[in-house]
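Position chains Y and U relative to chain V; hints supplied.
Take a look at the letters that make up each chain.
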Amino acid sequence: MSSVLSLVQPQDAAADQRAARGDDALVERARGGDVDAFELLYHAHSARVYSLCLRLTGDQSQAVELAQDVFIRAWQALRDFRGDASVTTWLHRIAVNAMLTKRRGDRRRSARIALAEDDDEDASALASGSIAAHDVGAAIDLERAIALLPPGARRAFVLHDVEGYTHEEIAEMTGLASGTLRAQLHRARQLLMKALGP
Amino acid sequence: MTSHTDTSAHLSFDELCALADAPRGVAPSESAHAHLAQCDDCATQLAGLGALRARARQLPHEVAPPAELWAGVRSGIAAQERGASASRSSFTRWRFAAAALVIALGSSAVTMVAMRAREGGMMRSPSSRVAGEVVSSSASGHESRLPARLASAELEYGRSVESLRRTLDERRDSLSSSTVETVERSLRIADEAIAEARAALERDPSNGVLAQIFTSNYERKIDVLRRATELAPRT
Amino acid sequence: MRRARVGSDSVRSLLTAAAFALCAMPASAQQKVSARRATTSDPSVRLFASVGTVRVIGWDRDSVEITGAVASGSEVGGFGPPAPTPVSALKFFIEAPTEKAGREGTLTIRVPRNARVWLKTGSADLTVSDVTGGLDLNVVGGSITVHGSPRELRAESMDGAVTIDGAPEWARVKTATGDISLRGGTNVGASTISGAIVATGGQADHLTLETTTGTIRFALALARGASVQMETHSGPIDIQLARPTDVEVDAATVTGAIENGWTRAKPEIGREGRGMTLTTSGGLTAGRMVVRSFKGRISLRGS
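Residue numbers (our numbering), protein chains in the order written: chain V, 1 to 198; chain Y, 1 to 235; chain U, 1 to 303.
Next comes chain V alone, as it looks inside the complex (with noise of 0.2 Å):
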């Protein structure tokens, strides 16, 4: 039985609420087929899938790119989804897989020989230090400098920094090992103080 004080909810975790139950519907709607819901779940999430796309690609091609594979991929995989997480949260997490297996398909199909995930993480302008904090000024917008960042430091920075997983959640996302993942988001914020200036 619910205690008198769960009746009284902020208006935040209120608007959670139904957000979710409304959620829950469509899912269970288009896992049955019903294009119209999934329509309407796309709708209500796509801007934020699209906001990590974009941070995670730092382009906006390659993140329409993605974007449109999360929702393809969430489409096939509705019969799995639980409910065990908010909608958001399985598409982001569908949007990390969906770029980590892009990434190492980029590299099977490239000419290089097979490189473990950091060792292109010096190719970026940012870490290469060929753009410093003098050459760009102090006016070096956060979201630029985001995109500039290696990959992995960037996907690590994104989800931990900007968008508020715990180490936990990006390790599952990713499969990383947290000390992994620590070295990156470390390794970001050094890159990006550095870039930023004071």
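To be clear, the hints were calculated from the coordinates, so they are not data collected in a lab.
Wrong hints could be hidden among the right ones.
Stated by the list, open to error - Partial list, computed: chain U residues near chain V (C-beta under 7 Å): (1) W170; (2) N187; (3) H206; (4) G225.
As the list claims (entries may be wrong) - To spell it out: a stretch of chain V is covered by chain Y in this simulated footprint if at least three of its residues, at any positions, have a beta carbon under 8 Å from a beta carbon of chain Y; those stretches are: (5) 159-170; (6) 188-195.
Unchecked claim - Here are the in silico distance ranges between beta carbons for each label pair: (7) V/G175 x U/D136: 41 to 47 Å; (8) Y/S206 x V/G164: 43 to 49 Å; (9) V/R82 x Y/G208: 38 to 44 Å; (10) V/Q60 x U/G302: 24 to 30 Å; (11) Y/G208 x U/D136: 30 to 36 Å; (12) Y/G208 x V/G32: 30 to 36 Å; (13) V/D84 x U/E268: 47 to 53 Å; (14) V/R31 x Y/R57: 31 to 37 Å; (15) V/T166 x U/G283: 26 to 32 Å; (16) U/G273 x V/D80: 49 to 55 Å; (17) Y/D14 x V/D84: 28 to 34 Å; (18) Y/A37 x V/Q76: 53 to 59 Å; (19) V/T101 x Y/A47: 37 to 43 Å.
Beta carbons: idealized from backbone N, C-alpha and C, even for Gly.
Okay, now just chains Y and U, sitting in the frame of chain V:
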């Protein structure tokens, strides 16, 4: 962070990050606290980390995607559905086909369109066609220069139109004359628009805007036909 | 429409063969209908009715009440004997003896506000108010008017006009020749072959408006990050936007003209020297407006 940090040595960046990430209410160790109290560099770095995290948190979490993104998603779903042979209505299926061809439209090879001409039916006498009725390119006697995917989608459209028309024919007697007139008029308008768009596309086959308008015109035509088949009797 | 069969014991049983209570009147007059049933707070209510006017009103009671007068000789069918407990689904019909008779009569149905109402009529003028659940409305020659903001709305007419006087969360409105009037909403789509579409007096979030030969008039405010698409084949598109509005506009025609009286951006000649294009930029969270026409004129005005 090491519990034996010499207070005269700077805190490592990792140690500073750990401090910045510590939950509220968790105080730094005594040695770290002591060092920060007397080291401006480390204190400044820690403050900088806090400011960076705060700025990151304040970045917008929602960015509107391009309007065309949904069309791409829909076409991807349609491709899956075709592969899985999902049981959907023909109406839904052709809508997906339309979206797929719009996204996939590119410099495809030219192909013939062989859309079956419809013979007879509710909307016209066997010996004549409704003015502006869309006919197959083969029937009109000229080779289509539509991109392959567009031509393929038009074939699907043609099949849907034919199937829906057959259903309408069967129900003709149950519909009022005014309803028939409304439907017929709408189909004529749609067909004129489709023909105009197709002619323009044949001159400019890589025009994405044209392709979108062409498929939209078809979609609206088929939607009217579908709705007409679902009308109540005596309406 | 399939006639009622004896229902099952389940509270979700469909039509039964029994007609509900009606009061017979002389053959030339109309016949009165009246019934009331206790329901859950969000029942599914399905009605097929060939009458002249239908009003659906949402109320704060957990019951459905239907009253009115229909053409004499109409066949009516509805819910059977009262269920011992409130039902969650109701289905009934009123079928007039002739097409002409189907344009007579008036029906008023009161439903719980959160009900899901499916309504199919012939030439009735249909008005719905204060229903916040789901609406699926289908008429042929009559008009549809919805007051309020249902969660979901599907409204289809052939040549009758459709007016949505509210901001549904999700709506799909379709006509063949009927005009469509909207006040925006969260996720709204409107499509017609030759009807005009007017969208004013509210706010757009995700909105798609399309007509083949009809006109589109857009004067809605835009939600942050809104996504609006408008398309015609030959109908003109008139867009009124407040100054300033944070929106990226992407407009293109194949042969039509584009005029921009909203910003200083100048339309450019399109592909192969035909048609025009206009693009404007916005901020990071700007809305997007995609406008397309084959040969209609696209006009942007400031307000």
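Outcome of the hint check:
1. A hinted interface residue such as U/W170 counts as satisfied when its beta carbon comes closer than 7 Å to some beta carbon of chain V; here the least separation is about 6 Å, so the hint holds.
2. Given the 7 Å rule on beta carbons, the hint for U/N187 holds: about 5 Å separates it from the nearest Cβ of chain V.
3. Interface hint status for U/H206: upheld, as the beta-carbon distance to the closest one in chain V is roughly 5 Å, under 7 Å.
4. Residue-level restraint check for U/G225 holds (minimum Cβ-Cβ distance to chain V is 6 Å; threshold 7 Å).
5. Counting residues of the stretch 159-170 of chain V whose beta carbon lies closer than 8 Å to any beta carbon of chain Y gives 4, which reaches the threshold of three, so the coverage claim holds.
6. Beta-carbon proximity to chain Y at under 8 Å applies to 4 residues in the stretch 188-195 of chain V; the threshold of 3 is reached and the given coverage holds.
7. At about 45 Å, the beta-carbon gap between V/G175 and U/D136 stays in the expected band of 41 to 47 Å.
8. At about 44 Å, the CB distance of Y/S206 to V/G164 agrees with the hint of 43 to 49 Å.
9. Checking the proposed 38 to 44 Å range against V/R82 and Y/G208 shows it holds: the Cβ atoms sit about 40 Å from each other.
10. At about 28 Å, the CB distance of V/Q60 to U/G302 agrees with the hint of 24 to 30 Å.
11. Look at Y/G208 against U/D136: about 34 Å separates their beta carbons, and that is inside 30 to 36 Å.
12. The supplied range of 30 to 36 Å is met by Y/G208 and V/G32, whose beta-carbon atoms lie about 33 Å from each other.
13. Hint check: V/D84 to U/E268, Cβ distance near 51 Å, so the stated range 47 to 53 Å holds.
14. Range check, V/R31 to Y/R57: about 34 Å between beta-carbon atoms, so the 31 to 37 Å window is met.
15. Our hint of 26 to 32 Å for V/T166 and U/G283 holds, since their Cβ atoms are close to 31 Å apart.
16. Taking 49 to 55 Å as the suggested C-beta distance range, the pair U/G273 and V/D80 conforms, at roughly 53 Å.
17. A beta carbon spacing of about 33 Å between Y/D14 and V/D84 agrees with the range 28 to 34 Å that was offered as a hint.
18. A C-beta distance of roughly 56 Å is found between Y/A37 and V/Q76, which places it inside the suggested range of 53 to 59 Å.
19. Between V/T101 and Y/A47 the C-beta distance comes to about 39 Å, which sits within the given range of 37 to 43 Å.
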